[in-house]
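Undergrad: For the protein sequence lines, the chains are A and B, in the order given.
Residue numbering for the first sequence follows UniProt numbering, starting at 1 and increasing by one per position.
Residue numbering for the second sequence follows UniProt numbering, starting at 1 and increasing by one per position.
Please note that a few of the clues may not be correct.
Said to hold, decoys possible - 16 Å max Cα-Cα, derived EDC-like pairs, lysine to aspartate or glutamate: (1) B:LYS389 to B:GLU270; (2) A:LYS18 to B:ASP329; (3) A:LYS18 to B:ASP344.
Stated by the list, open to error - Restraint ranges, calculated between C-beta atoms of paired labels, are given here: (4) B:GLY275 to A:ASN42: 22 to 28 Å; (5) A:VAL67 to B:ARG272: 53 to 59 Å; (6) A:ASN42 to B:ASP420: 25 to 31 Å; (7) A:VAL90 to B:ALA254: 51 to 57 Å; (8) A:ARG13 to B:SER302: 43 to 49 Å.
Unchecked claim - If we take Cβ atoms under 7 Å as the criterion, some of the chain B residues that face chain A in the derived model are: (9) THR101; (10) TYR308; (11) ILE315; (12) ILE364; (13) LYS383; (14) THR386.
Treat the hints as calculated values from the structure; they're not laboratory data.
Note that the coordinates shown come from a computational prediction; the quantities given were computed from them, not determined experimentally.
The beta-carbon is built from N, C-alpha and C at its ideal position, and this holds for glycine as well.
Chain by chain, the residues:
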Amino acid sequence: MSVDTATVRRVARLARIKVTDDEAARMTNELNSILGFVEQLNEVDVAGVEPMTSVVSVKMRRRQDVVTDGENAEAVTVNAPVSEDHFFLVPKVVE
Amino acid sequence: MTDLTALTLAEARDALKAKSFTAVELTDAYLAAMERARVLNAYVTETPEKARDMARASDARLAAGKAGPLEGLPLGIKDLYATEGVHTQACSHILDGFKPTYESTVSANLWADGAVMLGKLNMDEFAMGSSNETSHYGSVVNPWRRNGSDVNLVPGGSSGGSAAAVAARLCLGATATDTGGSIRQPAAFTGTTGIKPTYGRCSRWGLVAFASSLDQAGPIARDVRDAAILLKSMASVDPKDTTSVDLPVPDYEAAVGKSVKGFRIGIPKEYRLDGMPAEMDALWKKGIEILRDAGAEIVDISLPHTKYALPAYYIVAPAEASSNLARYDGVRYGLRVPGSDIVDMYENTRAAGFGAEVKRRILIGTYVLSAGYYDAYYLRAQKVRTLIKRDFETVYAAGVDAILTPATPSAAFGIGEKADADPVEMYLNDVFTVTVNMAGLPGLAVPAGLNAEGLPLGLQLIGRPFDEETLFTLGAAIERAVGTFAPTQWW
Numbered sequence: 001m002s003v004d005t006a007t008v009r010r011v012a013r014l015a016r017i018k019v020t021d022d023e024a025a026r027m028t029n030e031l032n033s034i035l036g037f038v039e040q041l042n043e044v045d046v047a048g049v050e051p052m053t054s055v056v057s058v059k060m061r062r063r064q065d066v067v068t069d070g071e072n073a074e075a076v077t078v079n080a081p082v083s084e085d086h087f088f089l090v091p092k093v094v095e
Numbered sequence: 001m002t003d004l005t006a007l008t009l010a011e012a013r014d015a016l017k018a019k020s021f022t023a024v025e026l027t028d029a030y031l032a033a034m035e036r037a038r039v040l041n042a043y044v045t046e047t048p049e050k051a052r053d054m055a056r057a058s059d060a061r062l063a064a065g066k067a068g069p070l071e072g073l074p075l076g077i078k079d080l081y082a083t084e085g086v087h088t089q090a091c092s093h094i095l096d097g098f099k100p101t102y103e104s105t106v107s108a109n110l111w112a113d114g115a116v117m118l119g120k121l122n123m124d125e126f127a128m129g130s131s132n133e134t135s136h137y138g139s140v141v142n143p144w145r146r147n148g149s150d151v152n153l154v155p156g157g158s159s160g161g162s163a164a165a166v167a168a169r170l171c172l173g174a175t176a177t178d179t180g181g182s183i184r185q186p187a188a189f190t191g192t193t194g195i196k197p198t199y200g201r202c203s204r205w206g207l208v209a210f211a212s213s214l215d216q217a218g219p220i221a222r223d224v225r226d227a228a229i230l231l232k233s234m235a236s237v238d239p240k241d242t243t244s245v246d247l248p249v250p251d252y253e254a255a256v257g258k259s260v261k262g263f264r265i266g267i268p269k270e271y272r273l274d275g276m277p278a279e280m281d282a283l284w285k286k287g288i289e290i291l292r293d294a295g296a297e298i299v300d301i302s303l304p305h306t307k308y309a310l311p312a313y314y315i316v317a318p319a320e321a322s323s324n325l326a327r328y329d330g331v332r333y334g335l336r337v338p339g340s341d342i343v344d345m346y347e348n349t350r351a352a353g354f355g356a357e358v359k360r361r362i363l364i365g366t367y368v369l370s371a372g373y374y375d376a377y378y379l380r381a382q383k384v385r386t387l388i389k390r391d392f393e394t395v396y397a398a399g400v401d402a403i404l405t406p407a408t409p410s411a412a413f414g415i416g417e418k419a420d421a422d423p424v425e426m427y428l429n430d431v432f433t434v435t436v437n438m439a440g441l442p443g444l445a446v447p448a449g450l451n452a453e454g455l456p457l458g459l460q461l462i463g464r465p466f467d468e469e470t471l472f473t474l475g476a477a478i479e480r481a482v483g484t485f486a487p488t489q490w491w
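This is chain A alone, in the form it adopts within the complex:
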């Protein structure tokens, strides 16, 4: 399978990365090179093979359902590029 520039633009939109025309053209070539490389996986017979979900066979540990964190709004918002009174500020999203 290979992609065209329109597909690269659509995927970039899904990934929320703005691309210029030049970048879209370059990335089309690069993505096709990578997709060409991974094509060889089609040679492998995977009939009846379970997809891997966990690399180490251990049972997920559970913890007590209790509050262990919180009440630290200052620490949470201190690295925000724009914040006010412990709220994150973003461009208007609701008219």
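For this one, chain A is given, so just place chain B on it according to the hints.
TA: Just chain B now, with coordinates in the frame of chain A:
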């Protein structure tokens, strides 16, 4: 006084306990070495005040007889690890100015054992790269050069700053991380020792996530013993990472120096690549001879799905990365580039904040997870991954204790040498290491010699799950036979 930075971590530990010098003196020696070596670009942030404060506290504990296992030993930390109040950006522009209010579990373990932080180490952006050339802070220069040449070489990646700093003696040891080879490949390029532990051996909490099912923390060190000492402190079970495993952490240092008699070592024929340099093949043979002479039994094995590990990796890792890196949106931390509305702001921020390699992988990951392609790419890759793991399980069930392979297909190459190459050519650097991540196994890279140009070459030992001890025992046997390697200082 002799140059304190010439000592290994184990030697410095013993000398501090014997009061031959103080932790502050040792730390100052490293801070001076770092200042002289800035041309290598190994550190992106130096923390001299914090280092001296920590060293003074170590001296107090040493005097009081309350020294921890790493008391007063200066270390470098990869920029991927969250360090409280200190630059943590995974060497990306999108985390511009980020200083976490928390500490990663692995680095917290090191400080609890008395270690001293010298600063944060350069790396490929978000650990995506095999040459440390994708860092927002510029390339790291390998302290090794070809005989009679002044051409700057890459240190490998993504943990290139960690490997260069250890090789150039700018720290006693360093933390690193490995998703597809990011500890072992740079270790091989710099003549240092690095181990990627079994998935789950170290907590991933506080590591900037790349591909969560593959990422694992580990040390890069000057020799096998130092790597064993560091891993003992780094490993732990952690309530904040449900994939960290609740198994006792062995005394890895005790495994160094044990006899290899009776160990059965597998030599996989699939790792003999067409076009592999003859000197790499010769190195591999030398490694086999060393282990055989030391009493190990050598057996030929087959890992039939080896060649599919790298293509499967380049589906699984970008898919997980595209999901993990969705969090960088210009709202909660790091860079924000304004836009006409919120989506425009997201798109502008991510366009300006991510470098070319990171964008490439996010787009591949988004594509293979998008509607209509999931089964053809992601699901198939995860099935192939099951087969790769099964290959290893089969040989281990047949009595093989560990597997010996080359660590990389070549020695270090020049900075910029592959700039115009196809991205896949760079990815091939990890062809021998990536299988280990796909199967979640431990892998140790140990230097085994120099090539005709005077550059280090490494071998890789792959072990059973949670059997890092065997790797340290075997790695130490190779090290005993070939010695350790240090570059000639030119900086």
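Undergrad: Give a verdict on every hint.
TA: Results of checking the hints against the structure:
Between B:LYS389 and B:GLU270, the direct Cα distance comes to roughly 15 Å. Compliance with the 16 Å bound is thereby established for this hinted pair. Taking the CA atoms of A:LYS18 and B:ASP329, the gap is near 13 Å; set against the 16 Å cutoff, the hint holds. Distance restraint check for A:LYS18 and B:ASP344: the Cα-Cα separation of roughly 8 Å lies within the 16 Å cut-off, and the hinted pair is therefore satisfied. At about 24 Å, the CB distance of B:GLY275 to A:ASN42 agrees with the hint of 22 to 28 Å.
The hint said 53 to 59 Å for the Cβ distance between A:VAL67 and B:ARG272, and at roughly 56 Å that hint holds. Between A:ASN42 and B:ASP420 the C-beta distance comes to about 29 Å, which sits within the given range of 25 to 31 Å. Remark: the range hint 51 to 57 Å for A:VAL90 to B:ALA254 is upheld by a beta-carbon distance near 55 Å. Range check, A:ARG13 to B:SER302: about 45 Å between beta-carbon atoms, so the 43 to 49 Å window is met.
Evaluation of the B:THR101 hint against chain A yields a held restraint, the C-beta minimum of about 4 Å falling below 7 Å. For the restraint placing B:TYR308 at the interface with chain A, the shortest Cβ-Cβ distance is roughly 6 Å, inside the 7 Å limit, so the hint holds. Contact between B:ILE315 and chain A, as hinted, is supported at the beta carbon level, the nearest pair being about 6 Å apart and thus within 7 Å. A hinted interface residue such as B:ILE364 counts as satisfied when its beta carbon comes closer than 7 Å to some beta carbon of chain A; here the least separation is about 6 Å, so the hint holds.
For B:LYS383, the suggested interface contact is upheld, since its CB lies about 4 Å from the closest CB of chain A, less than 7 Å. For B:THR386, the shortest C-beta to C-beta distance to chain A is roughly 5 Å, which falls under 7 Å, so the interface hint holds.
Of the numbered hints given earlier, the model fails none.
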